[in-house]
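Asks: Given chain P, put chain V in place with the hints provided.
Top line first, the protein sequences correspond to chains P and V.
Mapped onto my numbering, the consecutive letters of the first sequence carry residue numbers 1 to 607.
Mapped onto my numbering, the consecutive letters of the second sequence carry residue numbers 608 to 1214.
If you are wondering where the hints come from, they were derived from the structure by calculation, not from laboratory data.
Each residue gets a CB set at the ideal place from its N, CA and C atoms; glycine is no exception.
Honestly, I wouldn't trust all of these hints.
Under 8 Å between C-beta atoms, here's a sample of chain V residues computed to sit facing chain P [unchecked claim]:
1. Leu643
2. Arg687
3. Arg690
4. Arg697
5. Gly746
6. Lys747
7. Arg751
8. Phe858
9. Val859
10. Gly1066
11. Gln1143
12. Leu1148
13. Gln1208
Below, each chain spelled out in residue letters.
There are 2 protein chains.
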Amino acid sequence: MKTSIATVCIGGTLEAKLAATAAAGFDGIEVFENDLIGSDLSPEDIRSMCGDLGLSIDLYQPFRDFEGVTEEQLVKNLRRAERKFELMHRLGTDTILVCSNVATATDSSDSLAVDQLGRLGELAAKHEVKVAYEALAWGKHVSRFLHSWRIVEAVNHANVGVCLDSFHILSRGDDPAGIAAIPGDKIFFCQLADAPALSMDVLSWSRHYRLFPGEGAWDLPAFVSRVLDTGYAGPLSLEVFNDVFRQTDPFVTAKEAYRSLVSLDESVQASRGQALGSTVDAAGSAIPSAPASSGLSFIELSEGLSHETPQLLNALGFQDVGLHRRKNVSLWTRDGVNVVVNHDLVGPAAIASLGVDVPDVAAASQRAAALHAEVTPRDEAGDEDSMAGFVTPDGTKLFFSADKRRWRSEFPPAPEGDASQTAPTRFDGFDHIALMQPWQRADEAVLFYRSVLGLSGAGSLDVPGVRGLVQSRTLESPGSAIRLALNVPPGEPNVETILPVHFALACTNLVATVRELKAAGVQLLPIPRNYYDDLQARFDLTDEEIETYQSLDILFDRDASGSFLQAYTTTGGNLFIELVERQDGYTGYGAANAPVRMASQQRRTTA
Amino acid sequence: MKTSIATVCIGGTLEAKLAATAAAGFDGIEVFENDLIGSDLSPEDIRSMCGDLGLSIDLYQPFRDFEGVTEEQLVKNLRRAERKFELMHRLGTDTILVCSNVATATDSSDSLAVDQLGRLGELAAKHEVKVAYEALAWGKHVSRFLHSWRIVEAVNHANVGVCLDSFHILSRGDDPAGIAAIPGDKIFFCQLADAPALSMDVLSWSRHYRLFPGEGAWDLPAFVSRVLDTGYAGPLSLEVFNDVFRQTDPFVTAKEAYRSLVSLDESVQASRGQALGSTVDAAGSAIPSAPASSGLSFIELSEGLSHETPQLLNALGFQDVGLHRRKNVSLWTRDGVNVVVNHDLVGPAAIASLGVDVPDVAAASQRAAALHAEVTPRDEAGDEDSMAGFVTPDGTKLFFSADKRRWRSEFPPAPEGDASQTAPTRFDGFDHIALMQPWQRADEAVLFYRSVLGLSGAGSLDVPGVRGLVQSRTLESPGSAIRLALNVPPGEPNVETILPVHFALACTNLVATVRELKAAGVQLLPIPRNYYDDLQARFDLTDEEIETYQSLDILFDRDASGSFLQAYTTTGGNLFIELVERQDGYTGYGAANAPVRMASQQRRTTA
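Just chain P, with the same shape it has in the complex:
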């Protein structure tokens, strides 16, 4: 796969864009007209800079509003095109993108477009340029890719072909199976973008909300497969207009972009029945497939400004088994659930790292590195467990470990008389971990967890909080051994909008667990009476059930499969812990209850 990316995808000056693109491992770039016009590098300078960086210039774009115009306008357009062809010659690129006319077309007939594009083809041939004609989703008369192909087929000129862009095709709901109608040698270019499942006008959607493949809702592997089926062998090029990317460090964005293409290639290979591991990294080595994790062997939290982490763990019956033999971190454990408390991390409570059980650390690590994940070595000595560490876009660290019992021996053994062994109820592992996302990195984080860990899902939900909407996207590993909730707080994180950190423990019997905790004097988040009045109006619950839930501050939800019970500790400092029970395969996260929970938390904060 020849990889390419449009300069418009990333921020910074043209010089920075070129350097970042090369550093991320791309083979080529598309030069966007505005980037050239605003630059004081001459076209020759840009050409030689790309040459030095090992980048080919695969496309010059965009050239707009050419066809379907009056003869008088066409003469002007041909003059404009000739100037651009001369420029391309200086730039050293031979393909120009011509978008379907959105503004100046006065005639909707295909025959006029065919005639005028034919004349452009003649001029292009003289300048040894190839014209890639693309149907913009909001084109005035030509807005579907099969329409652009009918026109190009009728033009029947060696220098005129089509450009296929996943955005313009999938945003219109067109079936990529139709691509089969186009011979591969008439596809002059292929541009890729993913997008969230919005349904807004295609122009705004396109200009602001495109995403890299794997960050949105579209089936890009199926799309690319259709393109490759035609015999197309040109670049797969990212063209992603996104408000966030343009504000971000171009080197970070370029790596993210490259990760998306590698991951896409992998999915394409799999969907085409290739053996796993047939995707290769920039150096040509095979990339191992995503690790089949059996779950989280531990999570690591900071102690919190007011020691809230140990206090809450203690309240929930976790035992402090003591300090690591070398490091200032303690292990707390109950029912085989392990939480490491780091005493050296200062600041509000935060989830610092996740210990991910994988069958093969070397393979998981090689994969992460090939996907440009940033390495963070674990502090290890002697015969300690050998883990591989990576930093996620949201700052959480992942530590891959192959044998969860090995690191356990770095801590003291559990004391005799472990309370958890006599408790009538048990925790059944982590149900999910909520990870706070800076809004600038949230889409990147989805791609990261999908590609590096092989999680899937990521349906998006807006939860109305007291200070604004919280966007929540959930991801799961196959079999749900790992569940993550990626939460984006409203606006910039600050003292007003910051959300407390939390994770959820799975309970086998939440009613019994909460009774046990209440009997032990643990205070749970009080839920207002009005909530239970409404619950009674909404569900067929018995008075006794309502009364039980109300007396225990348990929230209730139901989906098509089953029921869900939730309770929360009160928030200590910046941390609370959620307790959940899933009944009969309930798959959600109780989102309907989140506004009530957040209002109750807010009341306690301001009280």
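Replies: Below, chain V alone, put in the same frame as chain P:
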């Protein structure tokens, strides 16, 4: 006009919402179900709190997914409704909003909906409740207001009427003239929201992007006129879901909301042929109409961290006429254009205030106060000009002055031999002032300038900057004596995204002015050669024109009416000054050139 607002419009706890609503002067509120469910105030507590604050509870909402369902589901829905009617009795409100079914309807026939809403009417009558049925724009079977009216008409029950919501009607493109078909006494409620001119799916549009009247693109006065024509005399209630409002201080949002209703009332009165001044404030006094400003008599800037303001003014031939007789501010003047430099304001260069010439300071000031503008007194002594000062949402201060020559005498007279009197070219006043908008306040600022100053316009444009998109909205007074460009930088303002401050001076002959400046050694922002190559490809300009513009770093644009020339000083510290010439009634701001300008500025910053 009885004013009301839904609790969902503003952020904070229910207690804060009620207090903020009352403080802003509203007559009543709509209680949104989620606000009640999440509250630990009992319905009786809420009722008595509203009573103490002088607020009526005008509506309980929303009740969803009632009609068009199976008989089994209907029994459940009636049970749920009865619980809510009992709750409303405790709350002391008699009207419930029932939205058209979006989820559970299994039957699209009107007859079933009519039958089931009739049974709801019977139950409502027993509980003395009025049901206001509203067609949601995304209702499953009922999504247009005339459809909801046909159903209500057929129900023919005293306790069942319609709720009209401008969002659901205008977002579907329906003509509010159709409201005339509905008798006023069957309109049980009227909700208002404005919105930006997006075309996205109505659900997302509704949930995130509603605006208060006067902030968006819709003709709310025409809508309200149609409703009043029916004889409707109930509350006009704001129901605005907006991500920003929910993150803002509820007291600020409630005042903004109230301002929008007062301003709307004024427009409605005007459109119905009422005399001006027939709109009254909360205390019942008539509100004077918007001032007919003759322009800006001065603008006040801070000196800037590196004295950039005086340096740039000096470079452009402004003369420093000296200090104010009492204050540490200097007046700089050329060709009757006045810039005050404040030496006491520290920090980066910023536009601190605008001196607005108005015919009647007392009237302009009374209007601003009635619209909840925050007063900021000018430091005045003795016989100095008596101005009235107000702070805008973006922080700029407005000073209304009735006689622009009076304050002039507080500064020394201009020295003899004023360079501007001998210069061959002249400045013709301020063309426009660019005011930086924190994104959280930008919509509020549009409403403020529209209502307090009577500006109009505010088309929105996204300009691609090097660090992301800059949203720009322009407003003008009648006759264009005042032009403002409200610019929202990408993301939170910080060292990466902050935009330099600028204002634009109108030139009668830009080519001559720039020649004069260059001859005097003034450096203008260099524009890359690539820009002029493109200009030649885009416009029918002669080689000589292109060469002149290129040699003078002048940018060119053209619209349907005329041409536009622009040049920029280099940025000193945080300030640059734009020079423009409008030819033949060009109405824009040269937005097409902004990316080139920003790229050139960025290059100089990072060089």
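Asks: Evaluate each hint against the coordinates.
Replies: For each hint, the structure was consulted:
1. Because the smallest distance between the Cβ of leucine 643(V) and any Cβ of chain P comes to about 6 Å, under 8 Å, the interface hint for this residue holds.
2. With 8 Å as the threshold, the beta carbon of arginine 687(V) comes within range of chain P, its nearest partner Cβ sitting at about 4 Å, so the hint holds.
3. The interface hint given for arginine 690(V) holds, since its Cβ lies 4 Å from the closest Cβ of chain P, which is under the 8 Å cut-off.
4. Of the supplied interface hints, the one on arginine 697(V) is violated, with its beta-carbon coming no nearer than about 10 Å to a beta-carbon of chain P, more than 8 Å.
5. For glycine 746(V), the shortest C-beta to C-beta distance to chain P is roughly 16 Å, which exceeds 8 Å, and the interface hint is violated.
6. The restraint placing lysine 747(V) at the interface with chain P is violated, with a minimum CB-CB distance near 16 Å, outside the 8 Å limit.
7. For the restraint placing arginine 751(V) at the interface with chain P, the shortest Cβ-Cβ distance is roughly 19 Å, beyond the 8 Å limit, so the hint is violated.
8. The beta carbon of phenylalanine 858(V) comes no nearer than 14 Å to any beta carbon in chain P, farther than 8 Å, and the hint placing it at the interface is violated.
9. Nearest Cβ of chain P to the Cβ of valine 859(V): about 13 Å, over the 8 Å cut. The hint is violated.
10. Look at glycine 1066(V): its Cβ only gets to about 15 Å from chain P, farther than 8 Å, so that hint breaks.
11. Taking 8 Å as the C-beta contact cut-off toward chain P, the hint placing glutamine 1143(V) at the interface holds, the least distance being around 7 Å.
12. Hint status for leucine 1148(V) relative to chain P: violated, with the closest Cβ pair at about 12 Å, above 8 Å.
13. About 10 Å separates the beta-carbon of glutamine 1208(V) from the nearest beta-carbon of chain P, more than 8 Å, and the hint is not met.
Checked against the numbered hints above, the structure breaks hints 4, 5, 6, 7, 8, 9, 10, 12, 13 and satisfies the rest.
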